[in-house]
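So the chains spell out like this:
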Amino acid sequence: MNAMRGTRLMLGLVLRRERIHATAWYGLAGLVLVGVAAGIAATYPTEAARQQLAASVNSSGQELFLIGPIFSASLGGIGLWRMTGVAALVVSLASIFTVMRNTRATEESGTTELLSAARIGRGAPLAAAMVVAAVGSAFCGVIVGIGFIAIGGSPFGSLLAGAQVISFGLLAATIAALTGQMLRTARAGTGIAVAVVGGFYLLRGAADAHGGGISWVSPFEWIAAIRPFAEDNALPLLPVLVLVTALSGAGLFIAGRRDFGAGLMHDRLGPAHASNALRGPVTLALKISRPTIVSWSLGALLVAFLIGAVSAVVDKQAPLKLSGIEGGQGLITVVLYLVPIIAAVCGMQTTLRLRGEVTSGRAEAVLSRPVDRGRWGFAYAISGALAGFIVLFTFGVGLGLARPSEMLTLIVASVAKAPAVWFFVAVTALLLCALPRAAGGIAYALLAAFVSLELLVEFRIVPPQVLYASPFALAPQLPDGPLNAQWAILVLAGIAALIMAASRVLRQMDIR
Amino acid sequence: MKFVYYGTMNNVIEMRGVKKSFGRVHALVGLDLQLAQGGVHGLLGPNGAGKSTAIRVLLGMLRADAGEVKILGVDPWSAPAQARSRLAYVPGDVALWPNLSGGETLDILARMHGGENLSKRKSLIEAFELDPTRRSRTYSKGNRQKVALVSAFSATAELLILDEPTSGLDPLMEAVFKQCVADARRDGQTVLLSSHILSEVEQLCDRVSIVRAGQVVDTGSLADLRGHAATIVTATVTHVPRGLEDVPGVQRVDMDGRHLQISTTAVDSVMEVLVTHGIETLAVAPPTLEDLFLHYYSNATKAVSA
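As given, the protein sequences belong to chains V and P, one line each in that order.
Take the first sequence: its letters are residues 317 to 828, numbered as in our numbering.
Take the second sequence: its letters are residues 747 to 1052, numbered as in our numbering.
Hints are computed from structural coordinates only; laboratory data are not their basis.
Every residue, glycine too, gets a C-beta built ideally from N, C-alpha and C.
Be a bit skeptical, because a hint or two may be false.
Unchecked claim - From chain P, some residues computed to sit far from chain V (all C-beta separations above 12 Å):
1) 766
2) 805
3) 819
4) 832
5) 834
6) 839
7) 845
8) 847
9) 850
10) 853
11) 856
12) 907
13) 949
14) 987
15) 988
Stated by the list, open to error - As a list, the in silico BS3-like pairs of lysine-lysine whose alpha-carbon atoms are at most 27 Å apart:
16) P/887 with P/866
17) P/887 with V/603
18) P/924 with P/887
19) P/924 with P/868
20) P/868 with V/603
21) P/868 with P/887
As the list claims (entries may be wrong) - Residues from chain P shown here face chain V by an in silico Cβ test under 10 Å; the list is partial:
22) 841
23) 879
24) 998
25) 999
26) 1003
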């Protein structure tokens, strides 16, 4: 096939580029998953304790929605249960990023064009990227498989647990393969791919929460149907493989036929003049971030509505309580605790666009004009703070649409989490000034560290008081928990201090 | 308020002993650059000589490690942003916001600048044949360059800083660009044109500064600079002269029988000798800018990155 010519050459190049990046993503994902599984296995060492956990989880709608049921109370079984949600998320992200970084992103940056003159077929970059994602997924799956044997799971069950992880990775890689071919920008392709994976996850959650067997709507249900350590049924791997093959075939089909740089839609012409609202760096940043804010908000609205709708059923069942957090009970409370993390990612992503302004050279166009450095430097942080706030607000609205009688309460409860989101936006803004090159990595690592505090508390590795260091725990835990007004004010004061530090550094830094 | 300078110095650009290092890379090592008001000043040097770094220091994006920097009478690093409303800049590698149209980009840039000649912008868009309704994502390199040029030439500014502005332009558009620079000079604007395209500098610039490895190694009018590089005198004489090498200014003498080729900075003294030896044929070739360039760079020290 002509489009595939040079795949082996491309593979060498992609492997070279991904030597550290992909290895770190998939390898660390595998280690984290094994760590999570080992953590819970150590927390429930006796059969009796595990049986009790399984009984409480399987009767809790919230747990069923967020993670799924426990099928086996063996060491491997509860480890698998605790790991599944994280696995679906982390391995999927690893694959989506890996595929996008080596397909649409290189096409946008122009490096693919450099190669198109060589004897490289149109489908070769995609094929190579998918091979690398598949190898990475397999690497992660092998780590998980070996890890489960070490924890004490049965060998065949451990093998199937590894196969589940590989399935998540392959599925996400092929979804990204398709969206990367259909959309013009890597940003949009990544966004849609993440949304599809999120949709699969939520549909699986809704089906599990409603109980009553497998609905087969979401491919994540197929993967779950393998049930390692319980039924050890490898058959559902078949439909997963069929879907993966079909999606990658579709991706390669489009790749072989479309124009270079094109998506499914052509670019429309734009206006010859800017609207009067577009006046300076802040309004410009808001305009640039608008598509991101709109799509995140729509996603939040949909997800919240779905969760709200499920919660009516779920809350009739046994309650779920977050360990260490005084936040009342019920699925709504749990998701209200999780939503600022998502909103923080949206806010941080928007804030980090400032770095792209500098590296692309667009900063020069602005800073050579009589524009105050502070306004330029904080334009994307302001957009990020607003983006996070809007995501919280629309999430509250989504919950409220499903439970109209509590609309106002739910919106207030969601929006009240804003200080936690703004804290991470402010941290990102400071990092962009102090350590611009490493800002993205450090910012997300910090977020991950605060989120994993929860896990450490859950596994009783650290005392619950440690959560007082986390802005997520210090935010108001409405509607049922404490208002934490004094803590929220403390967080806001911290944000002010971060911003002041950032603006000091901003005035002293070289823009490069 | 036009052409009123703060401070006492009348130079539009004043850089003295400017140093700038990035880690172990020394981009500027004591750069001196003075631009008087009016005219077109070329900043000539190969890739990585430090031209763009010097310009970014002038724009206040980078802080000089040492030395004195004044632009339009103020220190670009500590001056308020307002000081930049009197200059316009075209970067060497123009990057635009992909989902904004060319027209939107021109509008926002003009609003940030704070002063624009709208009729001039309209005529420039026509002259450069730019379609302002297309999204920047779909622009070629040359089209992005045009957006930056239209924005800079239509802005009300006393000083234009152009960093390799013709990269990506086709010859027709290059002609339009040259006309724009000529108009700017006529209107009393001062132009700093950084370039490594010798013909462009030769055509447009009144004065040239040659940058090498983070320093200005020579500056002056093109005529001045030519005086520093050797003129090639080719002659056939009836008697072969002796001791030509010792004539002041002579750099090199090649002899092939009665045919001579002499590189010299002092044509007069060479002529005095040749006249007494019977000139049969004679050709005098003044140094081109290229010769000049090679003169400064043939024994160049290792270049530093910009």
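Against the structure, the hints:
no.	hint	in the structure
1	766	9 Å, violated
2	805	5 Å, violated
3	819	15 Å, holds
4	832	8 Å, violated
5	834	8 Å, violated
6	839	5 Å, violated
7	845	7 Å, violated
8	847	3 Å, violated
9	850	4 Å, violated
10	853	4 Å, violated
11	856	9 Å, violated
12	907	8 Å, violated
13	949	25 Å, holds
14	987	57 Å, holds
15	988	59 Å, holds
16	P/887 with P/866	23 Å, holds
17	P/887 with V/603	23 Å, holds
18	P/924 with P/887	18 Å, holds
19	P/924 with P/868	18 Å, holds
20	P/868 with V/603	25 Å, holds
21	P/868 with P/887	21 Å, holds
22	841	4 Å, holds
23	879	4 Å, holds
24	998	43 Å, violated
25	999	49 Å, violated
26	1003	52 Å, violated
Hints 1, 2, 4, 5, 6, 7, 8, 9, 10, 11, 12, 24, 25 and 26 from the list above are not met by this structure, while the remaining hints are.
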